[in-house]
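2 protein chains.
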Amino acid sequence: MQFFSSNFKLGILGGGQLGKMLLYETRKWDIYTKVMDASAEAPCKIACNHFVQGSLLDFDDVYTFGKDVDVLTIEIENVNVDALEKLESEGVKVYPPTNALRVIQNKATQKLFYTDNNIPTAPFTRFAYTSEIEDSISNGGLQFPFVWKSAQFGYDGQGVKVVRSLEDLNDLPNVECIAEKMVDFKSELAVVVARNAKGEIKTYPVVEMEFHPEANQVEYVICPARIKASVAKKAVEVALKVSSQIEHVGLLAVELFQTKDDKILVNEVAPRPHNSGHYSIEASYTNQFEQHIRAILGLPLGKTDSKVAGVMVNLVGAEGHTGDVVYENIDSILEMDGVTPHIYGKKQTRPFRKMGHVTIVDEDMAKARKVAQQVKETIKVISK
Amino acid sequence: MQFFSSNFKLGILGGGQLGKMLLYETRKWDIYTKVMDASAEAPCKIACNHFVQGSLLDFDDVYTFGKDVDVLTIEIENVNVDALEKLESEGVKVYPPTNALRVIQNKATQKLFYTDNNIPTAPFTRFAYTSEIEDSISNGGLQFPFVWKSAQFGYDGQGVKVVRSLEDLNDLPNVECIAEKMVDFKSELAVVVARNAKGEIKTYPVVEMEFHPEANQVEYVICPARIKASVAKKAVEVALKVSSQIEHVGLLAVELFQTKDDKILVNEVAPRPHNSGHYSIEASYTNQFEQHIRAILGLPLGKTDSKVAGVMVNLVGAEGHTGDVVYENIDSILEMDGVTPHIYGKKQTRPFRKMGHVTIVDEDMAKARKVAQQVKETIKVISK
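Chains as they are written, first to last, in UniProt numbering: chain V, 1 to 384; chain S, 1 to 384.
Hint data in this document are derived by calculation from the structure and do not stem from the laboratory. Take the hints with a grain of salt, since some may be wrong.
For identical chains, the list gives no copy identity; a pair is met inside one copy or between any two copies.
[What the hints assert, rightly or not] Here are the simulated lysine-lysine pairs, BS3-like style, with alpha carbons at most 30 Å apart:
#1 Lys367 with Lys303
#2 Lys181 with Lys263
#3 Lys198 with Lys367
#4 Lys93 with Lys380
#5 Lys9 with Lys376
#6 Lys202 with Lys380
#7 Lys161 with Lys346
#8 Lys260 with Lys367
These figures come from a predicted structure and were not determined experimentally.
Take the sequences, apply the hints, and build the full model.
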């Protein structure tokens, strides 16, 4: 089938910043796109051919939206999978396939999938309700500290909490959840795996998330990861094992822990373009968004190597600032070599809200890392 | 002034493929855009915030369009400059400035500008009407062969003809024109110069247009040009001289001839993103479209170096094909390493119509050039 300048229709569920970056690629190839999002102000509203306002979790909205598209993809996992299953049964190509999406969408199911398939992951217990955790602690089944994760609807750090005492449980919603053993990790890594509808597979280089030494928050995504070749090899092997078991079509971003003794554990996965792959826009031969489009259209996958080293810094709202956003000192970072800011277009900032990202590329990784730190220390996302 | 996620408005005259590629950058930075084009089917209609259908040559259309924008730029030179002058006098920042645009818009004026400023260019004669040329030939003022160029409204090879005999003059429109001495050139080069509103200047590497040995048509744009360093230095010097005399804001693409004895002559210039800079999307630290936006917004200019070698191939409609377009073998070129097609979104092809371009990048120039040839020999733009 011809996708370029033809009658082919691609549907995207979710109209946020990931969708917006996907739309650059569909525009490059003149692919007709239809996007649905709950917000009439979604970043994708312009740049797609046809925008539909609707709830991603509503069966009828999703089903009606998807009926006339040829291929349907997502930019967020929290969508109505029942509607997708019906569309799939009616011949719409849904990528990621609903089988994969069902496994991933629920974190308890996802963890069980890893253990069922002998994929290394941190030990965990599943609870139907958060309120069941206290019993488990009192009868010795669970020890502090552990990581509480909501089974559903977590996104960007929402729905995750480190629990060190009974009091930490007080504010948590009483929902299906898991309690996961805290991993004493040396680094967090990620591997983006691309798999097209014909089963062709390619992996991007292993990236590394560098944490702020005090705040325990990811500060930099670094490609390639500064790890031993043997560790990188192991990380890619684990990512490929997840990929082949889960049978996704499109991208699969596999987040991993490298433990103190160089074991690789799967943290979680996302079946779509991912924050850990944003560096690829400037650094890779084929960026992750183009690759996702290639994969779901059954086109040959592009070269995943990097042209240059890349470091990504998330732009989040500064503490103490809520209101109309201002990007303070953005001119100063534009003076630095190899620096590209991406502004997601949210008009209002609030503390820690993800407002954009900045990519820094250079032939020399050490130089890119140094400039990234200057970027981080220079730009501030504040309110007027 | 803050441009990012603010009330700032950028106007673009012309909604074709160059405008479309500019819009990727404005979207990346969440800059509000308003675009005018004569066609309701213009590629920019989606992806801009506000589309206006109107004639670029009509005073009222251009003036009305530009009144409420902060900065106004163009993607094509053939616009109503009187309207731009009025807008400029009323405080709209028009980039390129109308003084520069008036010089460039008329090829006779442009050529006179070069001779007035001691900028090397091929000898020429200006005629108020094509019909005056015959007299000049009969009285010995002009010899065959020469290049006839319409003074106004030429674009993409339109309005240019090599004249070898009186008969060749028959089909030409009777308009203001120039007759230019044919240059016996070794190669055609181009230098893209960026100049921002504060007067900061950067040049991209010299690129080379490689011609088909028989068809005498540009086949490849190659960056960097495979020329001696001394020739590249001279080309950049000449381009910078044009830039400083013409006082543009934004990009200035300077097309040059390298003569058989390594002299550099200016062919013509364009005060906007240009076909000779398309390779920069994949190959450069800062692509030409982002650079144009930086320049007209008075932001610091980005690094113009290349990450990798780049070769660009224009995708034009195959001979003998008119109608609904099909990109034959596009899957095959997507299998090649470092190959990125750009499809402009024209639904109808006709012989030699510019339908898109393909960029090939590689660390190794010889490899990129070889793959470019494979691309050229593989993909065909045909009709259904």
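Copy assignment of Lys161 with Lys346, given that the CA separation must stay at most 30 Å: Answer is within: at 26 Å inside a copy they meet the 30 Å cutoff, but 51 Å across does not.
Classify it for me, Lys181 with Lys263: is the Cα-Cα distance of at most 30 Å met within a copy, between copies, both or neither? Answer is within; shortest intra-copy Cα gap is 15 Å, inter-copy 72 Å.
30 Å Cα threshold - placement of Lys380 relative to Lys202: For Lys202 and Lys380, the Cα distance is within 30 Å only across copies (27 Å; inside one copy 37 Å).
Tell me, please, which holds for Lys93 and Lys380 at an alpha-carbon limit of 30 Å: within, between, both or neither? between (42 Å within a copy, 28 Å between copies)
From the Cα coordinates, with 30 Å as the cut-off, is the pair Lys198 and Lys367 best called within, between, both, or neither? between (40 Å within a copy, 28 Å between copies)
Reference check for the pair Lys260 and Lys367, CA-CA at most 30 Å: within, between, both, or neither? within (27 Å within a copy, 42 Å between copies)
Given identical chains, is Lys9 near Lys376, meaning Cα to Cα at most 30 Å, within a copy, between copies, both, or neither? between (40 Å within a copy, 28 Å between copies)
With 30 Å as the alpha-carbon cut-off, assign the pair Lys367 and Lys303 to within, between, both or neither. Classified as both: same-chain Cα gap 25 Å, cross-chain 15 Å, threshold 30 Å.
The structure shown violates none of the earlier numbered hints.
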